[in-house]
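Here the protein sequences line up with chains A and B, keeping their order.
Everything in the first sequence is counted per the UniProt record's numbering, starting at 1 for the first residue and increasing by one.
Everything in the second sequence is counted per the UniProt record's numbering, starting at 1 for the first residue and increasing by one.
Take these hints with a grain of salt, some might be off.
Said to hold, decoys possible - On the chain B side, residues computed to face chain A include the following (Cβ under 10 angstroms):
(1) His70
(2) Ile78
(3) Gln80
(4) Lys84
(5) Gly146
(6) Gly587
(7) Arg602
(8) Leu620
Just so you know, these hints were derived from the structure itself, not from any lab.
Each residue gets a CB set at the ideal place from its N, CA and C atoms; glycine is no exception.
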Amino acid sequence: MAEIAESASTTEHPLGTVGASRSKASPSALRESDVDPKTMRTTTPGLKRVFLTFSVLLSFLLGFPFLWKTVEIYRSPLPFGDMDALSKQIESSPLQFPCHFQSVFLNFDSRSSGGILDPRELRRSILSEMTKLTSQTLERQCGSCGGNFTLSVVVDSGDGPCRLFDERHGNGLTPNCSYKCGALGALNLGDDEAIDEALRSALDESCSDYGGKLYTVVVVDGGGAGEGPKALVGKHRHGWISGRELDAEAMIGRMAEMFVKVFMNGAREDGAIHGEFMPVGADGRVVLSFSLLNANPDDWFYDWDFQRLDDTLLNPVIEALKPIANISVESQVLYHTPKSSFSYWDESLGSYIFSTKDLSFFVNSNEWHLDTSVAAGGRTKILQFVVYVPSAKECPLSLQLPSGEISKTNGFISPMWGGVMVWHPQSCIKYSGSGPPARLLMHPDDLHRIFEVLMGQLRQLFGLKSNSIYVGAAGAYKLLPSEKGFTEWELDVLSRQHTCFNLHSSGTTLGSLSRLVQSLPRMIIKDEIGKQVKFSLEAAQLAQTNASVGLYEASAASSRQARSLAEDAFFHPSIMSVSYFSFEHCFAVYSPFFLPVSLHVLLAAVREWRRYKHEKAKYVRWKVKQVKAA
Amino acid sequence: MWLPLRLTLLFLFLLLSPRALLRSGSAAVVSGEEEEFHEELLLKPLPDRKVLAHFHFHSIAPPSKSNGRHHHLFPKAISQLVQKFRVKEMELSFTQGRWNYERWGGFDPISSNNAKPPGVELWAVFDVPEDQVDAYWKNLTNSLSGLFCASINFLESSTMYSAPKWSFRITPGSLRYGTLPREAVCTENLTPWLKLLPCRDKAGLAALLDRPSIYKGFYHSQRLYLTSNASVPAETVSGISLEQTLTVVLQPNSPSSSSIHSGESNFQPSWSLSSIFGRKISGKCVIAQSSIVYLQLEKSIFSEQKDNMDNGPNSLASEGFAGGSGFEMSLDPDIVIEEENQSQHKGSSVLYGFWVEKYNESQPLDLGLKWKYPVFWSSQQAPLHASRFLMGSGNERGAIAILFKSTNSADSSSGSRHVSDGCELQVDVFQVVPWYIKVYYHSLQIFVDDEAKPIGDFVHKIQVSPSKDKTSPGMMEMLLKLPCDVRSAALTLEFDKGFLHIDEYPPDANQGYDIPSAVISFPRFHSVMHLLSNDSIRKSPLLSRFQEKNRVQSYTEVLLVPLTTPDFSMPYNVITITCTVFALFFGSLLNVLRRRVGEEERYLKAGKKKGWLRVLLSRLLAKFRGKPMEEPDQPSSESAPLIGKKLVLKVILVAVLAVAWQFYST
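Work out the full structure: start from the sequences and follow the hints.
Right, here's the structure in full:
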């Protein structure tokens, strides 16, 4: 039918040369008639079929958006702009907390060392030192205070006048929180612990002015006889410098360093673990898994009473770390767990040696089944602490440092994984009695030593120093260790870093989620993901505001929430499963119908339109002829 | 990134108060109850020239408040699992092969406890309120799946598990039961199972587990059974007892010498540990409290020897290994335990124990057994032997039949001798059927001694929960009371095969679908070994397990039901064909609508107008036929000569050539 219609309509078509020649030949035959049916017609061409075909075509075109709508997959609208903005903002400007410092000059006016000390002058010079230090070392360290700090200076001359300078209150006035003049009486400068306690009671930290976070350095003139000034950092939020014949100006440098390097930055050294590696799970939980590995129980095998250790020693540490992470502890004893690296006998050192080069092969992942804990949820961080008891054929086993000496702790850490420590029995004499060896219980003193090392490793994993001396540019500082393992100012540093790291991580997660979602246009995004993203953004916002005000705990909590929500959204099970439904699939399903039908519809419409134009022309020609004839 | 610790640690704070606390407990041995570990191996020659090796590892964590957190021997993972999912009792088994009840026995403790259905079987009792049990079960299956590298997580779906009330096991609390008959069991399941042992397979009895030799056996079942005793004070966490068993049936590769020399195959093959496992035991796992190898022999062996030979041994125990009887052991046993012979029960046996701690690397334990005379005996059977099969054909409907056959008339009467005249045999049947097998429970028929009998006469108690499509499987629990002198009994149930949704089919849908094994148990019969009580027996978890009263239980075969499987490219075919039909319809409709009948007829009458294409075609045809081109004033029905005879022949010729080419070229 179509062919007939075509042959009918193409008579005048430029294609048809035959037709054209025929139309030249035919007029002679049809001349007697008035109307030539090939070129003219007397009636107006009908619009019925044109209308019909076009209505079909139109309905198809109109139906197409509806079809598209049904094929379309559901994507919850995500605030891409906000997500990108957050990630960009966190990338470019790390979070900075406000810090408040106070320096107290005690007993300084009793002597005339270049006249009366002016707190305003002192403050200015300390600030300039601090700015110098912050600008030179801490290029954008996450969780530090940056340039955002306040400083107040008190000069207490003991019996004389007491002057204070403060940013907010100016000269003379005493704010609520700062040092009360004369509160520190005579200090017994011989006993560090006693000074620490005295300072703690004097510097009443219960005030709410700075959220209780005011760091104080007291410079005391007097005390110990002369080996130069002694600088200590206490367990709480203060440090002191004492010495005879102190020069106030000279102390400024040390004071600034104590503020910046210790209080602000946690006394960490270059080469320590970077703050971003905070071993805390996204849900704010950490499992400390302690394992005692007996390499070869046929030689000897040890057991430990970890329950007691947990109750007496670990609990305070866990309590102290509560603001940062929710920590749980578990322990196990494993047997037949050889290390996978080699060690060799060194005659001069009198022991088997494994060197730092071999450390990456020390952990034997085939035989050490330090399981992940069933008790831990999916995102809990597990830190493994391994005590390795070597077998008799490698018995005194020591770690050789690159410098050639033997490590005193005989252990090492692996960031974000945990720590390993080698412990060997005092006498490496193999059990040679009849029958199998008996179970030996580790001596409490040994357990203590092991625990000390493991605590040091834990501190290192958190990025803190494991020893108690910090050597800065201006001098050495003694850090008083806390019985909780972590001092208050260290915890402050950690919680600042934790917040910052959480925000950083949620920012990057949301940023990659936004990139991922935008790059896969056929991926289903459930409403739940949208909600999680929204809440995560809100929590991140809240954390940032809280941080700028100086509310450490609140901002840590909401930053944790932001991170956990962001990861929930990113690892939502629906994301990966449905991104498989591709456009090609859609095409394969619909093309068998739409391809032939659209061909029909389009062709019909084109033909009808062409025919209509042709017939119309014929009619017009007749009309013209009629008019001519008339 | 390995950072060595550089300096001494100065955590002086530790050296103060807590030390005093610690010192008080510095005795060489931890006081109080300790975690224990026992390892045992039972070897038993089977009547059909095979050897059964049954490894039994037992770990015990006494109740203490640190359970789930601090452990010395007990696997931490299991303890945490128990704490987290509040598991009161749990059994998980991975099995390959089928326990041959007829030859390997169906009455002794091993066959009742350790013969398991093929694939994975898991049941657990939870200590939680009834409405939370399902949630706990789901979490437990997922955890176990990760722990044992198996697809136990498929049991999570509610179509895969059921909650038997009384027929499977009488336990107070909420029991869930599920099986995966098609789970393939291999080393990846054994390794995590071994990881739960303190010595793994590095030392002790487990060192025998040479993977190739245990997996080429006839039957292999690894099992994990744990109980946590909840009856402890509230402040301490309940203690856990974990029993890990591995039961393998191996064919000793009979040394060629014995079979050739004897010249007959009646000889039981002689074997030793090194010949069946390829390894020897070089000492115990030092952590284990006890490490014993047992050799179990049926007493009937001795009695037969007594018949055969005149110098029948008076004391079996002393003479059995001395060389006077029909077999010889390569080592002297350290202990001989006889089963107390209460009645003239056929299946009593003798156990020879060997302490592993006496052996070491230089003198490994390589227990061997050598037969001197051909010996025959048969294992003790359950009162009825159950088998299950399918009836009917086609993809539409069928029937399940469970057939019980009396194993031995003498035996069945002896088992229920205490019941006098109205003697009856109780049988519990527990059957789970997946939902796509739509069982008509009303069609239950019972045939006793090949005669159809009314159901009410024999079915004492029945509980049925019909399946719900895509929600829950069908479950049937039944207590049958059969007369003692029954020779055979059969149950039949008709079913329709359901249809699954296209994406519910497993990858190998054409293989068929498994109906899990039915569990047949005999509540009046108990598989107990009455051993003369002894100190060493009380200490041995394996023997004390044998002395427990467990009801005799057996599993039937797994059934394979073929279901109609669709052509999986069907959706696309359907789409394509419907679309084509629609397109055709649409196109022709459109053409009909815009067809001008009057005009066409006019053209047809005019006749001479031909399209240029048609002119070209006719010219070509003319050339092809070698005739001069006909004038176009021929009628338009010129296509008639177009299909001339010659042309048809030529086309057929070409087609035949093409087919031949196609056929021969391949």
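How the hints compare with the structure:
1. His70: 5 angstroms, holds
2. Ile78: Status holds, d = 9 angstroms.
3. Gln80: 4 angstroms, holds
4. Lys84: 6 angstroms, holds
5. Gly146: 9 angstroms, holds
6. Gly587: The hint holds - B:Gly587 has a Cβ within 10 angstroms of chain A, the shortest such distance being about 4 angstroms.
7. Arg602: The hint holds - B:Arg602 has a Cβ within 10 angstroms of chain A, the shortest such distance being about 9 angstroms.
8. Leu620: 15 angstroms, violated
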